[in-house]
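> Start from the sequences, fold in the hints, and give me the full structure.
Protein chains in written order, with the working numbering: chain A, 1 to 133; chain B, 1001 to 1443.
Hints listed in this document are in silico derivations from the structure and should not be mistaken for laboratory results.
Any given hint could be a false lead.
[Said to hold, decoys possible] Okay, the calculated beta carbon distance ranges per label pair:
no.: 1; chain 1: A; residue 1: 53; chain 2: B; residue 2: 1034; range: 29 to 37 angstroms
no.: 2; chain 1: B; residue 1: 1017; chain 2: A; residue 2: 118; range: 45 to 53 angstroms
no.: 3; chain 1: A; residue 1: 112; chain 2: B; residue 2: 1177; range: 30 to 38 angstroms
Heads up, the beta-carbon is just placed ideally off N, CA and C, and yes, glycines get one too.
In case you want the letters, here they are:
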Amino acid sequence: MKEISDIILVDGIKYAKDHEWARPEGDTVKIGVTDYAQDQLGDIVFVELPEVDSELEKGDEFGTLESTKAVSELYMPIGGKVVAINDALEDDPERVNKDPYAGGWMIVVEPSDPSDMDALMDKDAYLEMLKGL
Amino acid sequence: MRYLPHTSDDIADMLRAVGAESLDDLFSSIPEDCRFKGELNLPQMTEWELYDHMAGLAGQMAASPEYRVFVGAGSYNHHIPSSVRYLISRSEFMTAYTPYQPEISQGTLQAIFEYQTLTARLLGMEVANASMYDGASALAEALLMAIRVGRGKKKTVAVSALIHPMYRKVIQTYFDPTDFKIVELPYRPDGTTDLSAADGIDDLAAIAVQSPNFFGCIEDVQAASDKAHGVSALSVVGFTEPLAFGLFRNPGSQGADIVCGEGQSMGIPQSFGGPGLGMFASLSKYVRNMPGRLIGQTTDEDGKRGYVLTLATREQHIRREKATSNICSNQGLCATLSTMYMASLGGTGIRQLARRNYDKAEYLKSELRKAGLKIPFGRASFNEFVAEFPEGSESSYDALVRKKIIAGIPMECYYGELRDHYLLCVTETMSKADMDELVREVK
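This is the structure in structure tokens:
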């Protein structure tokens, strides 16, 4: 596993305490998991995602990530309606390992409350949290 | 694995750690009047006196071969080849639990892999897990799985009244604490399930039938599957007698999504009703919702064949309270036993044995009919069937017991309307003379 200093963190996205990220794209928000999350889980073999049009609240479980030895739940960093899911992960789940912030995205949501985004951490705050773990 | 008992010092240390004075303190939550006081009534006997005593107790039981037992109903008397009994007694196979460091137990993993392969072939399914406790719990888990596949949005399961009555009780026990609902599908006069009762249920997750069903009749599994798929529900097919699939089409070839049931018939002695073997198979696309664990075959870094615990991430020791299977350990020994049995008979042997069971049961059926008994359910049956005895049959049933013939089980305790009806089973172990004697006695 990586040292905290080696974890890749990017600008322009918000971070949640359960290690999801959220990136505003127009009126919608794209969601995935951080480099720290994929590194902790190891080789991801299966990604279970919600159905398009699901209405989920902030903190709701929206899917699961399965590695060879563990399964972790995915939690909504913000509330909203799922408008797209990353179908490519079905046959190619390792994208989450290789490219967590781009090709490994999971869902796109239409936020129900735009202020949810303000409650999330920026890069520096998230890094501080990781150091405390 | 060695068994190392605790010394009295160990016990004292542990009691100190939890703040208890004595071992009895650990049971303080059990009400006083539920605890046994006094001495156990264990007779003082020498070893040989004890053998005599046990033989005397055993002699009081109505067990075959002295008794002619025409009872199946979920537990079947089949010959088990001596080779199977010998092989299973080898100590290498005796550790029955989930291997927690599985990859060092290549022999165990290979045996389970073979079990999965043979089970999947017998049931006509794409994938079988490494087994469950018994047919009843397997069926209950299958219905929960169907609800998971529907992402929990569909909360009702339709369960045939011809599924083994005790299995239905186990399903009830699993479902009672949930908000899922069970709708019972009644049976038709021909001895099969009335699927029309499933019409109009708008949140149906599964339709479950058993074939052969509790009356011994072969269900139209394809019709049940079509019905389920018509409303995007899963077709769950249970069984208590997998030998039937040696002769009749297996559920996998008739649209079933999940097939599960009791594997006792495949080489496991009846042993007063247990332990059994929960066979569980599914279509590959639902594998991640399947309970239990799967062994897979792979190659190591030197290119050599090896076996691994491929899928176990749904079990309690990994997922804690989010586990989707609450069966984490099983009777691996029973699964191994059935593997040996299935491999010993082979496809041809299973087919021939199934044929023999069917033919013998049909012989008894036709002789009873000639003797004036009614066979109320007209559908094809496998190695058991329901016969209606003349009115007041209890006394003749008891008279037969005194003559060391157990003429099936009375159906009235399970289906109140079936007074004087008995479920009779005939396997390859029953001779023509045995059957002729039964017919003579009931005439």
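> Compare the structure with each hint and give your call.
Status of the hints after comparison with the structure:
1. Checked against the given bound of 29 to 37 angstroms, the beta carbons of residue 53/A and residue 1034/B, roughly 54 angstroms apart, lie outside it.
2. For the hinted restraint 45 to 53 angstroms between residue 1017/B and residue 118/A, the CB-CB distance of approximately 49 angstroms keeps it satisfied.
3. Judged by the Cβ atoms, the range 30 to 38 angstroms given for residue 112/A and residue 1177/B holds: they are separated by roughly 32 angstroms.
When held up to the earlier numbered hints, the structure conflicts with hint 1 and nothing else.
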